[in-house]
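Just so we're aligned: 44 in my numbering is position 44 of the sequence shown, and the numbers increase by one with no gaps anywhere.
What the hints contain is simulated information worked out from the structure, not anything from laboratory work. All clues stand as given, with none of them false.
Derived Cβ-Cβ restraints for the label pairs, each shown as a range:
(1) Lys46 x Val7: 14 to 20 Å
(2) Ile3 x Gly48: 17 to 23 Å
(3) Tyr6 x Ser33: 15 to 21 Å
(4) Glu35 x Glu15: 26 to 32 Å
(5) Asp8 x Gly48: 24 to 30 Å
(6) Gln27 x Val7: 16 to 22 Å
(7) Gln29 x Asp8: 17 to 23 Å
(8) Gln29 x Met1: 14 to 20 Å
Cβ atoms here follow ideal geometry from the backbone N, Cα and C, with glycine treated the same way.
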Amino acid sequence: MHIATYVDDLDALLERIKEAGWLPVGQLQHVESGERTHCRFELTSKVG
Numbered sequence: 001m002h003i004a005t006y007v008d009d010l011d012a013l014l015e016r017i018k019e020a021g022w023l024p025v026g027q028l029q030h031v032e033s034g035e036r037t038h039c040r041f042e043l044t045s046k047v048g
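Use the sequences and the hints to build the structure in full.
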């Protein structure tokens, strides 16, 4: 399943979901071209 959303503070959200058992899969990605240039995203997966 894939869910995407815009958030005001990605770093704060990643910290919050880590507390609920969601951890990064890979590294933080940066969009370098197109209409979403300068956006960041991270793939996460529920552990446990």
